[in-house]
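As a plain string of letters, each chain reads:
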Amino acid sequence: MLVMKNINKIFQTADIQTHALRDFCLQVNEGDFVSVTGPSGSGKTTFLNIAGLLETFTNGEYLLDGEEIGQLNDDGRSRMRNQKIGFIFQGFNLIPDLNLYDNVDVPLRYRGFNVKERKRRIEESLERVGLASRMKHLPSQLSGGQQQRVAIARALATSPRFLLADEPTGNLDSEMAQGVMTLLEEINQQGTTIIMVTHDAKLAQRAKRTIQVKDGRVSELEKVTPMMNQAIA
Amino acid sequence: MFNYYLRLAWISILRHWGLSLLMVCAIGLGIGAAMTTITVNYLMSANPIPEKSEQLYYVQLDSWDVNDPFDDGLNPPDQLTFTDSTNLMRANKAFRQNVQAQAFGVIEPANPEMLPLIVNGRANSADFFTMFNVPFIYGSGWSRTSDDSKEFVVVLSKETNEKLFGGEDSVGKSIKLEGNMFRVVGVIDNWQPKPRFYDITTGAFNDTEDIFVPFHLIVDEKISRSGNTNCWKPTGDGFQAFLASECIWTQFWVQLKTEQDKADYLQFLSAYVQEQKQFGRFQRPLDNRLSNVMQWLESQEVVADDAQMMMAMSFMFLLVCLLNTVGLLLAKFLGKAPEIGLRQALGASKRTLFSQYIIEAACIGILGGILGLILAYLGLQGIEILYGDSMKDLASLDSKMATLAVLLALFSTILAGLYPTWRACNIQPAQQLKSQ
Numbered sequence: 057m058l059v060m061k062n063i064n065k066i067f068q069t070a071d072i073q074t075h076a077l078r079d080f081c082l083q084v085n086e087g088d089f090v091s092v093t094g095p096s097g098s099g100k101t102t103f104l105n106i107a108g109l110l111e112t113f114t115n116g117e118y119l120l121d122g123e124e125i126g127q128l129n130d131d132g133r134s135r136m137r138n139q140k141i142g143f144i145f146q147g148f149n150l151i152p153d154l155n156l157y158d159n160v161d162v163p164l165r166y167r168g169f170n171v172k173e174r175k176r177r178i179e180e181s182l183e184r185v186g187l188a189s190r191m192k193h194l195p196s197q198l199s200g201g202q203q204q205r206v207a208i209a210r211a212l213a214t215s216p217r218f219l220l221a222d223e224p225t226g227n228l229d230s231e232m233a234q235g236v237m238t239l240l241e242e243i244n245q246q247g248t249t250i251i252m253v254t255h256d257a258k259l260a261q262r263a264k265r266t267i268q269v270k271d272g273r274v275s276e277l278e279k280v281t282p283m284m285n286q287a288i289a
Numbered sequence: 085m086f087n088y089y090l091r092l093a094w095i096s097i098l099r100h101w102g103l104s105l106l107m108v109c110a111i112g113l114g115i116g117a118a119m120t121t122i123t124v125n126y127l128m129s130a131n132p133i134p135e136k137s138e139q140l141y142y143v144q145l146d147s148w149d150v151n152d153p154f155d156d157g158l159n160p161p162d163q164l165t166f167t168d169s170t171n172l173m174r175a176n177k178a179f180r181q182n183v184q185a186q187a188f189g190v191i192e193p194a195n196p197e198m199l200p201l202i203v204n205g206r207a208n209s210a211d212f213f214t215m216f217n218v219p220f221i222y223g224s225g226w227s228r229t230s231d232d233s234k235e236f237v238v239v240l241s242k243e244t245n246e247k248l249f250g251g252e253d254s255v256g257k258s259i260k261l262e263g264n265m266f267r268v269v270g271v272i273d274n275w276q277p278k279p280r281f282y283d284i285t286t287g288a289f290n291d292t293e294d295i296f297v298p299f300h301l302i303v304d305e306k307i308s309r310s311g312n313t314n315c316w317k318p319t320g321d322g323f324q325a326f327l328a329s330e331c332i333w334t335q336f337w338v339q340l341k342t343e344q345d346k347a348d349y350l351q352f353l354s355a356y357v358q359e360q361k362q363f364g365r366f367q368r369p370l371d372n373r374l375s376n377v378m379q380w381l382e383s384q385e386v387v388a389d390d391a392q393m394m395m396a397m398s399f400m401f402l403l404v405c406l407l408n409t410v411g412l413l414l415a416k417f418l419g420k421a422p423e424i425g426l427r428q429a430l431g432a433s434k435r436t437l438f439s440q441y442i443i444e445a446a447c448i449g450i451l452g453g454i455l456g457l458i459l460a461y462l463g464l465q466g467i468e469i470l471y472g473d474s475m476k477d478l479a480s481l482d483s484k485m486a487t488l489a490v491l492l493a494l495f496s497t498i499l500a501g502l503y504p505t506w507r508a509c510n511i512q513p514a515q516q517l518k519s520q
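As they're listed, the protein sequences go chains A and B.
So the mapping is simple: our numbering equals the position in the first sequence, first residue as 1, plus 56.
So the mapping is simple: our numbering equals the position in the second sequence, first residue as 1, plus 84.
Here chain A stands alone, though its shape is the one from the complex (with noise of 0.2 Å):
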């Protein structure tokens, strides 16, 4: 489970202060598939950010499967990015230089996994969004739809409790972008919580929840029902 009890992040310069939270609060059930809305400059992705512990928050709570964030040192933050999220980006974010194998493999290197139980992992979740017969091809080798399928295996290959994908079908034409979705559909269905902040309304209402985040405030919250997600899709 992930809870925000009154977060706020104010990022400051010499002559600025923004506020780009405040008091945001959100609870996120194990299960959930969340999509998140909003503005530009809402504050989406700084609360996307801070729910994947890759930015810091000037006060508030955050508890994440129980444990305090604001409590935990770089190493704590690490290993819990590590063993507990899963990142989709717009942009893939795969690391040029690497294979897809070994792209898969960076998170398991720094789970500490085994040869065999990497190995056994990594062509799993290739398997799993169809590349597995492309494990040794380069990045730039592939498709956008292609590279955000192995971004999402890499996110896979751990096992996380939640997924947080931000714009995951950004980068995407419409056709690849109906894939990935229902590939991120079929991986909530498993089990994975998923929150995902997106521009597209079509894609957010495929979500079980939708929250829409405006000048730093959860400032709509929405159901939607398993029958109108299929009556949408």
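FYI, nobody ran anything at the bench for these hints, they're computed from the structure.
Glycine is no exception: its CB is placed at the ideal position from the N, C-alpha and C atoms.
Careful, some of the hints might be misleading.
If you want a taste of the chain B side facing chain A, the calculated C-beta under 7 Å gives, among others [unchecked claim]: (1) Y88; (2) D162; (3) A429; (4) L430; (5) P513.
Guided by the hints, dock chain B onto chain A, whose structure is given.
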């Protein structure tokens, strides 16, 4: 993880080969220059006889002009008069003692088809060989009895034995030197102490001699004397007058086993000088010195000032190269900011990233060290060409120096890599991931 980091470093070096090559060249140049001068200084300042350098003492007595001190009064004369050397030998107060001077002669080979050989020689006492741990392939040095009975004996260098006897065991055979027959008692194996500590007055880095003969042969004018001679007053006519003069041209070494032996010998020297004062000699204040091997080399400034200056300058050059490497590493690592941000997102802690990138810096350092070794080798060859035979034995890299070169490169590059790596590890992942 170490192997994983090594693999990542290798991939990164190959991927950014241009930048990596620049860094390897910068480090290589710095290490090459530093190692060239370090090697020369190291060989110049090495202990040539570490096993007993603390027991061997060079003797100095101040027999110089009362009105015009030797070396501006900083040091007593660097050699002894014949009178003093023979008196000290006769007194026989040390465990071992050796009087010596440089000599030269012409050998007439038994084979009439061979041309006469002009040889550099050393006239010395019997103890020379045991005092200085001279290695023999055949026979040995001569005995004190041979000195006392003024025998015509000779010890050959390996090279001379090759020329005269084809490398065979020549002990017991005879050679004709300066018209006299000498019996070969020993053949020395390869022996080239660096520096040639036992006589630095004729060049600390010259080759060892071709032949060694008893010192009395100079006195008896059976072999010609060479080397440096300094006089502060007229000598009179004839060789005997020269021998009795205040000219300095002999070197005197003693082996003293303990500090007590040294103290006793100094006391003996004081008594000797006091005694000589009664004959009108030694008018200057008492300044007797016993310097062990390293003290002697240091006092004679065997490591030249310009060599030390060159070394200091080469270290400054290394520093400049390292500063360049810092800039290049900074450019490389900050260019990898998106990857660093991603690795953080995937679970790498700052500590983990630090290890990864410092290992990459170390790999570049090792490659730079290898290049530096090659450049140092070329630099030493250049020095040998520039300075000729006098630097021949100093212009060589041994395994210790080679290891030092790589370690110096490794250490320097890790040092240079600290700041860029620290900067890289403090990259904010959120900014990098969004900006991709």
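Checked against the structure, which of the hints given earlier come out wrong? 2
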